[in-house]
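A.B. asks: Going down the list, the protein sequences come from chains A and B.
For the first sequence, counting from 1, position 213 maps to 213 in the working numbering; every step adds exactly one.
For the second sequence, counting from 1, position 200 maps to 10200 in the working numbering; every step adds exactly one.
None of these hints come from the bench; they were simulated from the model.
There's no promise every hint is true.
[Stated by the list, open to error] A short, non-exhaustive set of chain B residues, derived as facing chain A with CB atoms under 10 Å:
(1) H10539
(2) R10699
(3) A10775
(4) E10818
[Said to hold, decoys possible] With a cut-off of at most 25 Å between alpha-carbon atoms, the simulated BS3-like pairs for lysine-lysine come out as follows:
(5) B:K10073 to B:K10059
(6) B:K10461 to B:K10566
(7) B:K10401 to B:K10461
(8) B:K10833 to B:K10906
(9) B:K10833 to A:K216
(10) B:K10188 to B:K10227
(11) B:K10893 to A:K216
(12) A:K152 to B:K10833
Heads up, the beta-carbon is just placed ideally off N, CA and C, and yes, glycines get one too.
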Amino acid sequence: MSRQQRSSRDRVAIKSKFDAEYRRFSLLLSSTGCFQDFYQLLRSIHRIPGLEVFLEYVDAHGDLLPINNDENFHKALSAARPLLRVILQRKDVMDSVFSIDLPQRKKKGQRQMTAKPHPPMLIGPPKDFRPVSSIIDVDILPVTLRRVRLHKHGSGRPLGFYIRDGLSVRVTPQGVEKVPGIFISRVVRGGLAESTGLLGLNDEILEVNDIDVAGKSLDQVTDMMVANSRNLVITVKPANQRNNVVRGSKASADSVDSRACHDSAANPASLHQGNSNAAEGESDEEDSDIIIENNTLLPRLPLQPFVNGSALLRETSPPLSLGLQPLPRSTTPHNSPTYRPGKGMQEDGNIITL
Amino acid sequence: MMKFRFRRQGNDPQRERIKQDLFAFNKTVQHGFPNQPSALAYDPKLRLMAIGTKSGAVKVYGAPGVEFTSHHKETATVTQMHFLLGQGRLLSLLDDNTLHLWEINVGEGSPGLEEVGSFCLPGRPGFESTSATRVTVILLKRSCDLLCLGTEGGGVHFLEMPTLTLLDTQALVHDHIMQRSVVPEEYKCGKSLGPVESLREHPRCPNKMLIGYSRGLVVLWNYSSRKVENLFLGNQQLESLGWERSGKTFVSSHSDGSYMTWPVSSALSTQQPSTSVIPYGPFPCKAINKIVWRTTESGAPLVVFSGGMPRASYGDRHCVTVLQEKMQVTLDFTSRVIDFFTIHLIPQFDNPSALVVLLEEELVAIDLQTVGWPTIPCPYLAPLHSSAITCSYHISNVPPKLWERVVAAGLHQSPPPTWPINGGKDLALEPKHNGLLLTGHEDGTVRFWDASGVSLKPLYKLSTANIFQTDCDHNDGLMQGAEEEWPPFRKVGCFDPYSDDPRLGIQKIGLCKYSGKLVVAGTAGQVLVMDLSEEMSAHVINIATIDLLQDREGFTWKGHDRLAPKTGPISFPPGFHPFLLVQCMPPAAVTAVTLHAEWNLVAFGTSHGFGLFDYHRRSPVLARCTLHPNDSLAMEGPLSRVKSLKKSLRQSFRRIRKSRVSGKKRVVVSSPTSKVQEANAQLAEQAGPHDVEVTPVQRRIEPRSADDSLSGVVRCLCFADTFLRDGTHHGPTMWAGTNSGSVYAYALEVPSQEKFSEHSVEAVLGKEIQLMHRAPVVAIAVLDGRGNPLPEPYEVSRDLAKAPDMQGSHSVLIASEEQFKVFTLPKVSAKTKFKLTAHEGCRVRKVALASFTSVSSEEYCENGLVCLTNLGDIHVFSVPALRPQVRYDCIRKEDISGIASCVFTKTGQGFYLISPSEFERFSLSARVVTQPLCSVDVDRALCTGPPVRPVATAATPILHVALQSVGHVMNSAHSSGNSEIQAGLSSPALDSPNSSADITLDTTGDITVEDVKDFLTVSPAQGLQTNACALPGGQLIHSSSSL
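Looking at chain B on its own, in the form it has when it is part of the complex (with noise of 0.2 Å):
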């Protein structure tokens, strides 16, 4: 250690240089589907999807792997999106009425979305409200150098594209209308028309457009010879306009649920509608939104529109509907529709090969070409919410073998997608590696999601409903029944936040990824053991329940009941199949699960303490209580009322008391002085005679007791082949953490391969170290002889890995929320160790241990331990040294489902919840990086640059736009012949007193160190075998006299 104190302090310019050779920060990607979506755009040509959000984030998306996103500089909603077809631009507007032009990039470093130009329609001169020139809608003609712009004032203006340049001499507005034509009164606002509801292009003439008003007047205007050519009167407030392809006819939708059709002929100039028709009437229907009408190969057009429920009845529900013919179908979905667009493949008809709707809660997209226009899975824009997430769990290097079968596993349950949106090209390599993101929602289901590349592949989904009894189980039932109804609904989309019963939600998985062995827990206290199968089973589950309490009295569980489990066998898919069901009782949430698939072997925590169970015997192995005798407050569970119902009983009566004094007080002297008096005696006595200013929040000062409630959490478990009898033989062993940082080891007794069914898997408690800072414990890992964690097991075996070092002294590596601390084994004791919150105040809230390659050769690679805090910034320090390399600010320190969401990749990457729906991919790894990369052919060559930022290479036809970068090798020119100076700069974490200059371990003061516990003295006939509990810590015998 003394090595350390005469190291010079400062930086080392060649450590300077790894480290930027290994360790980068970047948010990548996001995966899942966008919170709060407020706009949809589509651009046919280059077959790219553009949707916007309430928060102003742009995202586009093509073929799987081509992903845009970027973001307005200002916080607004995006209202309406358009494509400048083919030209990779995109146009937006936003709430606050501005318009901003997006290209994508042809850059070399930034990838994604830029912002080119915006725009922002001056209000009237004269005119205080803007309102009148607010935009209401937009028409981007086909052309693409011309917008117009409706707005509420009924003006349309126009804009030259793509500069943006307002073309102020040709702007339209009522008079130019009411001069040319009679348009009757009662279309009339006053002097104007009324805000301009709809603008749709002609589908054959370019200069001819209909102008729709929201008082139900539509104007077929030629902008070139600047004439009304056509006035439809509407007797219904105007929703939305739609041509027919041949723009002979073109349908109208109003607010009362109707829609119209009109035939356009140049000959006369005032026209009535063809038809007219309420599709869910008679009964008053509520308006509808949007209608495309289609013409197909058939003959018979296809009409699709959002909303036009009938008000009373289905007034709540969220629809869109397809006509074709007879054929109607009303797709019901779970959240707001907010928009919708169709594909189109043949040039000749509209011929609509897919319905893709927006909604706010998810994408869908329907096959219109196949019969029963059966749904498309959707290869990204997962709603990863569809139920909410509980739980994550990342794979990283998933061998191909299980990728295979749990992608087959996933196609019994769904076909590949066609996915009909497909523009771009991904030009990103194959991963070399699989990772496979698990997570678990609290409806009891456990979703795959192909986690390799850039779009989030949903993968299989296995559901742990089924196994138990539940409420919800005839509901199918109901669904059958229901087919002859009116209107024909159908269930569509996924998204489904309400869980029938809280207790299947999912709080911990552990997967061997060699086995294919599954551990899955959840809230009630239950533990599934898995197992990947091939085939349809029929099968009884075995159920074994284990007893953490372990007759520890005076406690009384008074949260939920445990699930009952269905009698008899139950059939599975092929996919994961569960064979073992181990009931924690009482059934708390299982708080800490871990897997040994070389063993047999299962360890689970709830709040009360941990077990052991060996899966291949189905025999427990071992209970242990963890509860701290006055913690009452986890036997209660968290349910539990009692607590409070008797705190507030004590309160009010309390009140009641103190009314009854105050009340005599008032009799003897009932004058308002007294009163003021009387409040202000009780101000004093809350806040000191001198304590002038008000103190908004305060915080106590005082060290974790060792009663603190939920002592007894179990927070880590982990399994480790290592030394902890002696140093000469290393074997099984299992760890585990608790809330009150005691940390229990125990050595195990695992029997041979061949033996596993004649003996039984014994457990022994070898040492239990108490943290003296008494902080909850995070993690737990084991470090070979050379620092490098343990390898998984199997990973051995199968020649997957190196060989763990097992001839140096083993350490062990506790990382508690508040400090890293690495011990020796066989004999505990401190060796490193890292007081973060000592130093900076903040706490540990996830760790993981990474290995970062370096990006300048592949052979060079170090361990780290990487820390995301409760403020958000993400540390990584080395292993075995603790010693502090970077630091970046990754999360808001506000966002706590964000914090408590990340996950950790072994690679160095990581994923969090931006939102309930959407998961943001970071890397802190140089040379691991998953990003975009992807090309679009984008045709800029009729159009001129725009204003801002004009392209140079707008004179080639075809543009080729390329973007930065995926897992591969980054440029690393940097890491080469650069200068000493450049080295020695200093890094984000230097101005830190945790930074990598603070060389010297130990430094303030401390004098919290733990308290080791060796049992292994314990002569065998003490044996604590299954029950560690029943040994007082009065027999305990200190480790001097150990095997």
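In isolation and in its complexed conformation, chain A is listed as follows (with noise of 0.2 Å):
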């Protein structure tokens, strides 16, 4: 959450633009608050408050991305520099699906997709974003490696994917040896691994969640990955190695991930690095899964057991208000269905871990 404080300015300047008109303004950075006020203060500046919208950004490497929830709103406010580009695109033009096609778009800014040929690559409707998968760590381990976070949503789709023992080839101060090791053996059509594309058939899995495989049997490692399924970070060396990250500075770093966290839906907790610290991953993911609809339950956190108390001596209380909700643990997707789309009970739980 303290991320966007990190920059060193307290004032983020914004131009926004609807069909042909363009507004200037500036946000104190302290006082951002939520997407949905970020919102609602640009329809009311473009003197649009009815009209269902669409916003998107202009990052530092001149793609466009959408701003549809806190995380990537965040991210925007944080990579404004100097100016943060932001366009509003009427919901009924970009009701289907809108193409990534990055040379066209920043030629003409907004445009209409009447005509879609071959859209190079689809994302689905902006609504449905949510984190699928993400590369993390790239600044920390070597180029020839690559750590992915597969996040499995609910059970809709299978995480897709099979390991197998196998011998892999490690340069040893004795020279080349050959010792065990776990590759993926099959990615299934359709499947999580194959949508994300950065796990493929070979690839050499060397840690699950931080915990180093070697000398763990194939079993072992099955358990342990299905019981972090929920969140699962493989660390694997690509069979192969010419898709690898090119590291350079600090910022191409950066755009790599930003394109990840764009193909994929954006996941800030991703985007910072030095996230080796798998618990740090945890709180990262347990804030992009609450904060999508109810980040005010966040600072309350110091209060609930004594809320609790309170409340454990009322026989009946009606059912209370979203944001001061004090017991997310018990309560049921019956309560609150507003803001839990399937599978609820784990943004209930995660907060009881912090």
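Both chains are given apart, each in its own frame, so use the hints to dock them into the complex.
C.D. replies: Structure (structure tokens):
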């Protein structure tokens, strides 16, 4: 949450565009609030309070990225140097899909997607954005390795890969040695692993959630992966080394990040470097989970037991307002159907583990 | 929680020292009958018995408690064993033709048997084949200074003992025999005389020995004069020889089922048998493998032999015949006879007092002094697997009252044994606490074992089969009619692996050690509640049926039927009397059971749900279905073939369709190349195009889904007096955990003792916790305010345990197959956790809470969560902080039945099956160790020490061998003044990620947190008293508005 505060400046300049109109204004960084606030603000500035619009911004590399939740909003703010350029588009124009065709887009800025001969890459309606996968720790891992986080969301889509035993060639002080290793043996079509494009056949698995798999049996690694399946971080040595991250300046690393993020929906957690500590990953994960609907919950957490205590005495208290929801753990989906898409319990629980 | 974050990483030396005082891993004793025994020996001087096995184990037994065990380095079959009489030494022959000398150890730290020498007979130079020097028979002279080896080639070699040095010049080859006497041609085997089959020392003249060759020739050989004294020409293949005590006659047994007695007189050089008998003739008989001839005080000799049964009619029986004058008994065993020996008491005559027969699956002793030759129950070597073990249950610290009652009930079943093999002294003190091991068996019996000490003694056997109507009931009648039959068979032994009805199998056991209430649950959903009674009684058992499906629709049970109970009163001998039978419907195997005698409640679960029954009022309290709607497999039962039939039908149709298609193809292009292409295409379909390597094994990576089959199986149940409703009022609760990671907590209304008859027990669903990782819940335990497990029922009211801390906040420990978690109560929120699988990749198989007492101080005691994983290693975690303490490798990970059979005691010991018939006992506690402490008075005066390891004290005539330690305070010197450096040494677990250095909690990315539903807020009108299923989830109100 405190990431954008790392920015030295306390204000961010914003230039927003709707149809042919431009508005320039600035925001106090400390009072940016959430995405919804920003959305309302923009609509009021452009005097289109009733109109449903999509927000997009231009990042440092000229990519047009959506703003549709708290994470990518904060990401946009933090990336705004010197100016955050926001483009508003009518929702009815954007209702189906939009493609990323960067050069074109850059020229036109705003474009109506009337004819789509072959959209190079499709992203589902922005509303359904959620983290699917991300490359993390690019800056600390050797270029030959890749650390991938797979976000299992609900039970809709399988993780979709298989692993096997194999022999891996390692260079040791004693020379080249063949050591037993674990490899991806199959990537199921249509599965999560395939859709990320980050895991491929014969990639060697080195770590699972920061635990070295060396010396572990296939069954052990299987169990570790299954046990971590809700937030699986695997470090692989890709069999295909041609697609590796080109390490250069920090900015280029960021660019890779942002692209990964773009491809698979924003996950600001992963964008921040040094994510080797899984604990941090976890809390980040929770942030992203909670913030989607209800970020007011977080600051109140310390109060929680206190609230509980008083609540326990009440025989029948009416359902509390969303913001004051003190007992996320014990709430049921029925009390707050709005912010639990399907498997809402995880989000509840996450708060508890903090 | 923050304090954990800021604790210094690394090892606290003080903590390491405490850990050393608390934990130590030892495999201590093996209980039960050795798997696949292959050799037997007996030392009449020391009264010790040795058993060798096919895997190379050597076990020596004396009086109960006197045990020595060791293992050959090679895993080869022990074919023969012989004691060096009185010396505490044992010679073993393996089937790789090596001889090994064992010694009962004098040394300090390593108790038991030690190998002190070995020998392999060298092959004859120039002969490639070793078969000529393959040892067929061993004779160890009574003086113990000479060993004679009979070989396949017909030679006899001599070795000096105990040095195992070959006396090369003394070797006796066939030439010596043939030069010195006239051997008829038919006894020659080419140039030699054929393999030596038997060697017997003359009972009176130590220089003379009988050498029996397999073709039937028997030679009386004088060792000192190197002369053939007599030649006996048997006309059948020789099997074994035995001397009569006086040395005037001997007896030989043969492959045609006959035995012959031969007079020995110095006059004649070639002799004929005085008698020749085929006991089970006249039809062809099998060989008599071994025969012994014993004189008795009464004059009539006693002949014992194994085998010799009529080939056609009883060729498949395993028999030992005991013959004395007109008395003949054919002992009919259920498994193969390995060997036997007799035990003698009086020096003037043989006068055998007992016959001990080693069978493949059990050891049977026959009392030969009592009329009728009854069997003597063994105090050890019990065949645990007489019917396959289906479950085991351990009760620590059994109160003396219950102990006496169980022992008394057992004495009604079998008189106290006077065990004839009683060598050595058991130096172990009477165990302070009695431990009871209960094993449930496939035939519906529950056996009670005294697990307090080194030998696992049978105490009492409870059978549940007589309550039900089974097909086997009339078998006894048939046995009665068979008395006039010849041969005079007598069924002996209890090994009977064939269950009459698998539904009788015992699945779960629960025992209240204070009230003597026992609950036993079986494969067909039967739950029997029993009471211990000293009287015979005949009564009708109350029967109640509980439907665990709770009118859940769309499911049909396709498994086995319930067992039909007998009608009318059933008589029971003193012991545990069933008074209530609760039948779960559908009759699936009971998967969890627990008992609370103070509340008169029994809870049980199957793959469909769980139930709660008030056995005092004989009324059901609760039934809850745990099935997931998609879980159809559980419904159909384990025996269902419907699913697989459907599947196979589908597959075969597909195959037909496929073959049609490919048939068409073949019509179009029926060239061999197209076939290759087709095969290649198929291969390509199966494996990716780049998949050059063959993928031998691959594993799918998918999280458990909610609708995995068998998700509704109830894995554990527990009662606790704790805070479920609010933080101020505690009360009875019941907890149930399922295979899909659900935990149900019920608040119970239990009327006070006086009002039991008036009010009924009520159960209200309090909480429902869904573990997000959905792994099966293995165990649930409630911890009191100090983090100690709650005491058992009656423990506090009888002043046997400290009252639990009811002031502080309680917590509940939930162990799933993947994680351990402690949640606060009454508000269920995660307090601590440890994610074993996410870290280590191993899954939890068995857990138990145990208390570990320090070696250095009896006052200091810690609770630990003991966990056995699917990799066979044991972890101990602190409670409730769930910090890893130690890790030990215990069971091979391939040994699935061993892992499945493991049971822990409350004092940090445990048992697991190393074979179907043997429990290995291990200890995790440094203080509580049960291992043999015994002494054997060994006479090694006359002999020099063996070459490898000379016995320093050989000059003293009597050597007192004492072996170390038993469940007493062990040497704790290391813990006292030792340096910090030593204490800082890493424990074995430190290299693993879950080592104690890893103190921070909640480490890896975890978003799998539990969903807790709080039901106590439901208004009384919606009460969930007996039918919790009726309440749909939609009516839940979150707990902010709880009581």
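A.B. asks: All hints, please: hold or fail.
C.D. replies: Verification of the hints:
For H10539 of chain B, the suggested interface contact is broken, since its CB lies about 49 Å from the closest CB of chain A, more than 10 Å. Look at R10699 of chain B: its Cβ gets to within about 4 Å of chain A, closer than 10 Å, so that hint holds up. Look at A10775 of chain B: its Cβ gets to within about 8 Å of chain A, closer than 10 Å, so that hint holds up. The beta carbon of E10818 of chain B is positioned within 10 Å of a beta carbon in chain A (closest approach about 5 Å), and the interface hint is therefore held.
Distance restraint check for K10073 of chain B and K10059 of chain B: the Cα-Cα separation of roughly 14 Å lies within the 25 Å cut-off, and the hinted pair is therefore satisfied. About 21 Å separates the Cα atoms of K10461 of chain B and K10566 of chain B, which keeps this hinted pair within 25 Å; it holds. At roughly 18 Å between alpha-carbon atoms, K10401 of chain B and K10461 of chain B fall within 25 Å of each other, so this suggested pair holds. For a cut-off of 25 Å, the pair hint linking K10833 of chain B to K10906 of chain B stands: about 22 Å separates their Cα positions.
A distance of roughly 23 Å separates the Cα atoms of K10833 of chain B and K216 of chain A; the hinted pair therefore holds under the 25 Å criterion. A threshold of 25 Å between alpha carbons decides the hint, and for K10188 of chain B with K10227 of chain B the separation of about 19 Å falls inside it, so the pair holds. Proposed proximity of K10893 of chain B and K216 of chain A is supported: the alpha carbons are some 13 Å apart, at most 25 Å. A distance of roughly 22 Å separates the Cα atoms of K152 of chain A and K10833 of chain B; the hinted pair therefore holds under the 25 Å criterion.
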